[in-house]
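A.B. asks: Keeping their order, the protein sequence lines are chains Y and R. According to our numbering, the first sequence is numbered sequentially starting from 500. According to our numbering, the second sequence is numbered sequentially starting from 500.
No wet-lab data here; the hints were simulated from the structure. One or more of the hints may lead you astray.
[Stated by the list, open to error] Across the chosen pairs, the derived CB separations fall in these ranges:
| id | chain 1 | residue 1 | chain 2 | residue 2 | range |
| --- | --- | --- | --- | --- | --- |
| 1 | Y | Glu620 | R | Arg525 | 51 to 57 Å |
| 2 | Y | Met501 | R | Ala823 | 51 to 57 Å |
| 3 | R | Glu537 | Y | Arg885 | 38 to 44 Å |
| 4 | Y | Leu893 | R | Asp712 | 54 to 60 Å |
| 5 | R | Glu849 | Y | Asp576 | 58 to 64 Å |
| 6 | R | Asp697 | Y | Glu567 | 46 to 52 Å |
| 7 | Y | Glu849 | R | Ser575 | 44 to 50 Å |
| 8 | Y | Glu567 | R | Ala759 | 34 to 40 Å |
| 9 | Y | Arg586 | R | Gly818 | 24 to 30 Å |
| 10 | Y | Gly711 | R | Pro572 | 22 to 28 Å |
| 11 | Y | Arg586 | R | Ser771 | 35 to 41 Å |
| 12 | Y | Asp539 | R | Ser573 | 22 to 28 Å |
| 13 | R | Ala823 | Y | Ser575 | 17 to 23 Å |
None of the values given here were measured: they were computed from a predicted structure. Beta carbons are placed, not taken as given, at the ideal position from N, Cα and C, and that holds for glycine.
Protein chains: 2
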Amino acid sequence: MMADLLIRNARPFGGPPVDLFIRDGRFVAVTEARSAIEVDAAGQIALPGLVEAHTHLDKTLVGMDWFENRVGPSRSDRILADRKAKRELGIDARRQSARQIMQTLPYGVLNIRSHVDVDTEIGLANIEGVLQTREALRDLVDVQVVAFPQSGMLQRHGTLELMEAALRAGADIVGGIDPASIERDPVRHLDVIFALADRHGKPVDIHLHEPGDLGAFCLELILERVRALSLQGRVMVSHGYCLGMVDPARQHALIEALAAERIAVMTVGSPSAPALPLRLMRESGLVVASGSDGIQGTWEPWGNGDMLERAKFLAQRNGMTNDADLAETARICSFGGAEGIGLDDYGTAEGCFGDLVLVPARTLAEAVAQTPQKRTVIRRGRVLVRNGEPTGDLPAIE
Amino acid sequence: MMADLLIRNARPFGGPPVDLFIRDGRFVAVTEARSAIEVDAAGQIALPGLVEAHTHLDKTLVGMDWFENRVGPSRSDRILADRKAKRELGIDARRQSARQIMQTLPYGVLNIRSHVDVDTEIGLANIEGVLQTREALRDLVDVQVVAFPQSGMLQRHGTLELMEAALRAGADIVGGIDPASIERDPVRHLDVIFALADRHGKPVDIHLHEPGDLGAFCLELILERVRALSLQGRVMVSHGYCLGMVDPARQHALIEALAAERIAVMTVGSPSAPALPLRLMRESGLVVASGSDGIQGTWEPWGNGDMLERAKFLAQRNGMTNDADLAETARICSFGGAEGIGLDDYGTAEGCFGDLVLVPARTLAEAVAQTPQKRTVIRRGRVLVRNGEPTGDLPAIE
Numbered sequence: 500m501m502a503d504l505l506i507r508n509a510r511p512f513g514g515p516p517v518d519l520f521i522r523d524g525r526f527v528a529v530t531e532a533r534s535a536i537e538v539d540a541a542g543q544i545a546l547p548g549l550v551e552a553h554t555h556l557d558k559t560l561v562g563m564d565w566f567e568n569r570v571g572p573s574r575s576d577r578i579l580a581d582r583k584a585k586r587e588l589g590i591d592a593r594r595q596s597a598r599q600i601m602q603t604l605p606y607g608v609l610n611i612r613s614h615v616d617v618d619t620e621i622g623l624a625n626i627e628g629v630l631q632t633r634e635a636l637r638d639l640v641d642v643q644v645v646a647f648p649q650s651g652m653l654q655r656h657g658t659l660e661l662m663e664a665a666l667r668a669g670a671d672i673v674g675g676i677d678p679a680s681i682e683r684d685p686v687r688h689l690d691v692i693f694a695l696a697d698r699h700g701k702p703v704d705i706h707l708h709e710p711g712d713l714g715a716f717c718l719e720l721i722l723e724r725v726r727a728l729s730l731q732g733r734v735m736v737s738h739g740y741c742l743g744m745v746d747p748a749r750q751h752a753l754i755e756a757l758a759a760e761r762i763a764v765m766t767v768g769s770p771s772a773p774a775l776p777l778r779l780m781r782e783s784g785l786v787v788a789s790g791s792d793g794i795q796g797t798w799e800p801w802g803n804g805d806m807l808e809r810a811k812f813l814a815q816r817n818g819m820t821n822d823a824d825l826a827e828t829a830r831i832c833s834f835g836g837a838e839g840i841g842l843d844d845y846g847t848a849e850g851c852f853g854d855l856v857l858v859p860a861r862t863l864a865e866a867v868a869q870t871p872q873k874r875t876v877i878r879r880g881r882v883l884v885r886n887g888e889p890t891g892d893l894p895a896i897e
Numbered sequence: 500m501m502a503d504l505l506i507r508n509a510r511p512f513g514g515p516p517v518d519l520f521i522r523d524g525r526f527v528a529v530t531e532a533r534s535a536i537e538v539d540a541a542g543q544i545a546l547p548g549l550v551e552a553h554t555h556l557d558k559t560l561v562g563m564d565w566f567e568n569r570v571g572p573s574r575s576d577r578i579l580a581d582r583k584a585k586r587e588l589g590i591d592a593r594r595q596s597a598r599q600i601m602q603t604l605p606y607g608v609l610n611i612r613s614h615v616d617v618d619t620e621i622g623l624a625n626i627e628g629v630l631q632t633r634e635a636l637r638d639l640v641d642v643q644v645v646a647f648p649q650s651g652m653l654q655r656h657g658t659l660e661l662m663e664a665a666l667r668a669g670a671d672i673v674g675g676i677d678p679a680s681i682e683r684d685p686v687r688h689l690d691v692i693f694a695l696a697d698r699h700g701k702p703v704d705i706h707l708h709e710p711g712d713l714g715a716f717c718l719e720l721i722l723e724r725v726r727a728l729s730l731q732g733r734v735m736v737s738h739g740y741c742l743g744m745v746d747p748a749r750q751h752a753l754i755e756a757l758a759a760e761r762i763a764v765m766t767v768g769s770p771s772a773p774a775l776p777l778r779l780m781r782e783s784g785l786v787v788a789s790g791s792d793g794i795q796g797t798w799e800p801w802g803n804g805d806m807l808e809r810a811k812f813l814a815q816r817n818g819m820t821n822d823a824d825l826a827e828t829a830r831i832c833s834f835g836g837a838e839g840i841g842l843d844d845y846g847t848a849e850g851c852f853g854d855l856v857l858v859p860a861r862t863l864a865e866a867v868a869q870t871p872q873k874r875t876v877i878r879r880g881r882v883l884v885r886n887g888e889p890t891g892d893l894p895a896i897e
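With the rest of the complex left out, here is chain Y (with noise of 0.2 Å):
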């Protein structure tokens, strides 16, 4: 039997101070301890497990040798950069995507889904890889496993049979891209992916980097499909630049849309990609999570996969700096991102999963602009990190 925990003097939000008690991996209300271990927060700003809701640990290079990046600056230069660093640099899927995980964990990522790519190259191999980490890291971190199409479905026949294998092989979700910029053909692989999500009763995450208008076409055809197979709270767009490049009524149109059939839109920020109008999407009820994307792969040299740092990047390519703002922006970091991916029970309320990150910062809006590193690191009540250093309790790995 686990011991209790008992945190003291936190501050949920960077609200008033409480007390937090785990029992069996939940929150519950404060109680006569068993045994209970206590955490003194000392006031620390508190947040559930913070939620990393589109990266790609299939991709990252975090402990290898530097990639020399002479990529060309188009989506397609980088699609084949990628598959030729794939096959020349040898990306051990497994082994870089439980790098990656150990990386974000002191940050306090304890919710992670990722995209892997499945394509006619590597065939399952990135998926294999991907679930081995997750079933050997299962006891840190919730990882969501997306059936990719980095390569084009339509484009690269063949494709389609190993979507199937990755869904029987225990992905979660079925994977779209660019369908009409990519696939060259958008009903068709619109069609094709939700069919597939239909067969196999799986949600629908897909890559929408299509501009302005082709993007927005894009965007309807999509609601058509959600509507017509009662998928609503099942789809998540990522990206969806156009939303950014429309105009103004029909930004609006599409936005009350996507919100009514609960079609939760990730956005990563960008600095130098189209900006999307939080406040305007937050108010109009739209779920919006966030995401790294890639880290130090050989699409961008940079990232950490700090989804804290991630809520600053947001507020600043919308030029936010207010704390009030600052403090929106960390919500879709953690309860947008869970309510984006469907996890369940997320939060600190009773009944929630035992699940915190502990920020030394006076307010939220600190720890949102500046980032501490020093946090505590909690996970169905078991203390994985303490004051930015890691518990005896992790694995080692390669």
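With the hints as your guide, set chain R onto chain Y.
C.D. replies: Structure of chain R alone, referenced to chain Y:
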């Protein structure tokens, strides 16, 4: 007599390893040491002292209570809030400027141009405070002081006389601010500040946030005055958002004209402001510098003043991920800044000042992308910071 300093196995800008020798505060050919102190750089990347070409040393709240930001979104909301905060929070420009300088020293920031407020409420207090800090810390860092009419000059009678007094007190540069949107009279504002610069033989540095064609018109007015007064190489335009907003033909023409008159442009690469076309600007021969702008103040709650991280932000804002592009942004934050603010004898060539930052990274691109923290900082041949730890030589500050 100071001991010579021999730095072995350093890689300037990521090039082949060399030994560097500093005697009497300057790089000289490697020669017989008198009593040389040796630093083993172990193949680290070497950069000359990083150049902060645009900050506000008198505005940072580093080390003070958390400022709850409830400020509205417009620039005039922020100027008002800034002036109110100065009164109510008692921001001591001498103390705060010292704190910021000491915070950024371990990053290797050895040259700083700071705008310092001059207005009818605070008078010369901030100028005097920053000048005191400059004197107190002169053995650590070079500081240039811009007399900056943050609240307007035409708009607030008496400011011009204070600007004159600031220059007599030791300010080095005449500052200007949005001649149209804040000063409401672009021609008269520019005439006044250029006359001031001409009368005192000082350079000019103008905050120009004016958008689109309004900003382009202001740039034309600046160009006319630089030609008329032969101020080539003596004027910097800070921000210059309009360069990222006008149509390509006008953009090209303006960039060529600025390059021809040797007017430098400073950009911070803010994620929420228009992106300047860095590649085109550099290819046109325009001098491009960068800066942190205010850090941890009433305007923005974040920022650490690391000019190597700033190189990363510039790349990110411009969608650059290539190693060669990252090297370019590192140049902007070193040589670009040095040329932009008019530093003499800058660099690692023989005869230059013996200033150096050693960064533990495998390549220059990795240094930019990952911004390692355990740097070694050398100024005029003296080791100030070793592997991220200040040496005993550094003065204590409040």
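A.B. asks: So, for every hint listed, does it hold in this structure?
C.D. replies: Going through the hints against the structure:
{"no.": "1", "hint": "Glu620(Y) to Arg525(R): 51 to 57 Å", "result": "holds (56 Å)"}
{"no.": "2", "hint": "Met501(Y) to Ala823(R): 51 to 57 Å", "result": "holds (53 Å)"}
{"no.": "3", "hint": "Glu537(R) to Arg885(Y): 38 to 44 Å", "result": "holds (40 Å)"}
{"no.": "4", "hint": "Leu893(Y) to Asp712(R): 54 to 60 Å", "result": "holds (58 Å)"}
{"no.": "5", "hint": "Glu849(R) to Asp576(Y): 58 to 64 Å", "result": "violated (41 Å)"}
{"no.": "6", "hint": "Asp697(R) to Glu567(Y): 46 to 52 Å", "result": "holds (49 Å)"}
{"no.": "7", "hint": "Glu849(Y) to Ser575(R): 44 to 50 Å", "result": "holds (47 Å)"}
{"no.": "8", "hint": "Glu567(Y) to Ala759(R): 34 to 40 Å", "result": "holds (36 Å)"}
{"no.": "9", "hint": "Arg586(Y) to Gly818(R): 24 to 30 Å", "result": "holds (26 Å)"}
{"no.": "10", "hint": "Gly711(Y) to Pro572(R): 22 to 28 Å", "result": "holds (25 Å)"}
{"no.": "11", "hint": "Arg586(Y) to Ser771(R): 35 to 41 Å", "result": "holds (39 Å)"}
{"no.": "12", "hint": "Asp539(Y) to Ser573(R): 22 to 28 Å", "result": "violated (43 Å)"}
{"no.": "13", "hint": "Ala823(R) to Ser575(Y): 17 to 23 Å", "result": "holds (20 Å)"}
Hint compliance for this structure: hints 5 and 12 are not met, and every other hint is.
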